[in-house]
Amino acid sequence: MRAPKRAYSRLAANADPISAAAALRRVVVAALLIGATMATTATSVADAVVVLRTTLAWSFAVGVQVAGALVLVATAGRRRTPATRAFDLLFAANGPWSLWLIGFTAWTIFTSPLGRPLHRVIATLAIPGVWTAYLVLAYCHVVLGDTRRVAFWKMAAHQSAMWMVGAGYFFWAVQGWPRVIAWWAWWVPWAAWAGTR
Amino acid sequence: MAAITRAGVVGAGLAAAGMIAATLAEPAMRVDVRQLGDERILAVDLHVHTTPGDGALLPWDLAREARRRGLDAIAITAHNQMVAIRATAPLSTPFGVLLIPGEEVTMPFVHIAAIDLDHAVDWRGSIASVVAAVHAQGGVAIAAHPAEADRRAWTDEAFRLVDGVEVAHPTMYAGPRNRADLKSAYAQALQVHPTIAAIGSSDEHTAEPIGLCRTYVFVRAVTTEGIVDAIRRGRTVACDGDGVATGPAPLAAAVADFCRADAAAGQRTPTMPRLATAIAWIGLVGLAFCGFA
Chain A
1 MRAPKRAYSR LAANADPISA AAALRRVVVA ALLIGATMAT TATSVADAVV VLRTTLAWSF
61 AVGVQVAGAL VLVATAGRRR TPATRAFDLL FAANGPWSLW LIGFTAWTIF TSPLGRPLHR
121 VIATLAIPGV WTAYLVLAYC HVVLGDTRRV AFWKMAAHQS AMWMVGAGYF FWAVQGWPRV
181 IAWWAWWVPW AAWAGTR
Chain B
1001 MAAITRAGVV GAGLAAAGMI AATLAEPAMR VDVRQLGDER ILAVDLHVHT TPGDGALLPW
1061 DLAREARRRG LDAIAITAHN QMVAIRATAP LSTPFGVLLI PGEEVTMPFV HIAAIDLDHA
1121 VDWRGSIASV VAAVHAQGGV AIAAHPAEAD RRAWTDEAFR LVDGVEVAHP TMYAGPRNRA
1181 DLKSAYAQAL QVHPTIAAIG SSDEHTAEPI GLCRTYVFVR AVTTEGIVDA IRRGRTVACD
1241 GDGVATGPAP LAAAVADFCR ADAAAGQRTP TMPRLATAIA WIGLVGLAFC GFA
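Respectively, the protein sequence lines represent chains A and B. Heads up: the first sequence runs through residues 1 to 197, numbered per my numbering. Heads up: the second sequence runs through residues 1001 to 1293, numbered per my numbering.
Do not take every clue at face value.
Claimed, not checked - Estimated spans, in silico, between C-beta atoms of each pair:
id, chain 1, residue 1, chain 2, residue 2, range
1, A, P117, B, Q1191, 28 to 36 Å
2, B, D1156, A, A156, 31 to 39 Å
3, B, P1027, A, A126, 58 to 66 Å
4, B, R1160, A, A157, 29 to 37 Å
5, A, V180, B, A1264, 38 to 46 Å
6, A, R2, B, E1157, 54 to 62 Å
7, A, N14, B, S1092, 51 to 59 Å
8, A, V49, B, A1261, 22 to 30 Å
9, A, L52, B, Q1191, 34 to 42 Å
10, B, A1180, A, K5, 37 to 45 Å
11, A, G77, B, L1091, 48 to 56 Å
12, B, A1007, A, W177, 42 to 50 Å
13, B, R1160, A, Y134, 30 to 38 Å
Keep in mind the hints are simulated off the structure, nothing from the lab. The beta-carbon is built from N, C-alpha and C at its ideal position, and this holds for glycine as well.
Full structure from sequences and hints, please.
Laid out in structure tokens, this is it:
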């Protein structure tokens, strides 16, 4: 995770194809981490049944990543790594998000439930966000064989798409529109006067 | 590549063993039968979120957790939609927990927890129009977390309209101002609406344990209608995470001990499930970071 170009060069050197099932192992672990995080933070216990059901319920989040990975691999410039292996290697860049999920879970386990500053924790999402972008940039350049310039734009498009889907779900789930209107009215008083409140 | 390593096998084994042990070591589901005269005292959480929505768990897993924490009923109150509760309708009492359909009507300047609804209420309107729409469906409307920016919208007129006010909510632990806001909101509401119900809710999303703040309702029937009726009559007591009961004095005195005990129980997880959970997570970390060559 600290020297992604070197790591990806080493990993991509192996040109043997892998089976589709083998390519999905990191995907399954990523889904399991999300499910275990949700279940443990909500209940303080990693109950097997709750973890498995929550993993299935949140698997759409990994499904979006799978779709993004398929698009990236399909649009590779001069890829010499077999497609299944290239697909698998993108999920090797999930380390920063895995670390964040582990840290978030540990924080909820080791702190009192009274007064957890969740809003401040949300700000820390920027760390795995930036770190992952750095890893995906190296992935596009080394594994997909894209030039630095193309790799940068592919990374930007891929990460933007992932964030937009995530933010879109969040916006629907928390009902962003009324909150946007409230902020808007706070900045522009006439918006409230015009009938938004 | 992607072949699982020896560390990965050990990690997967630890994760599976830890999760199975955590499942087996969980304490028995609590069913407390509490009574005051001819009224049953139910512990309920009338403001929780699930998946799909901005909550972490599916409704039936939240019901299971609710039972583990000694709750008799929960109201699923997603923001401006009722997708999750509709999907769960055939299982309206999983684990013996009454699932009440609701909605957190999320308006620009104020949120209202609407309980016992048939269909979602439109958020575009005034407090009066939203409360009227809730009442038209036979439900009750509760002023949700009237603190910080939301506090200003809760005028005397607004408190006259709603049936309850959240006086215990996790926002009270975010700072003394929020705690003072909730307290002043309840005092103001009582002035203009003496029978307004004191409500305690966890607003559970992910890291606020369900039932952290809860409501004791004094019901004549253990049904959704019984709970709604108790709220309308103001036969409720709010209980916060410190074990402080707020509500009409005789009722608050009747549940003071329950409130203290439930608050203390809600903040600790027994040692064995904790240990098993730690083992499961050590395994998951091993699998995620050392699992594949």
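Could you tell me which of the hints above the structure violates, numbers in ascending order? 2, 3, 4, 9, 10 and 13
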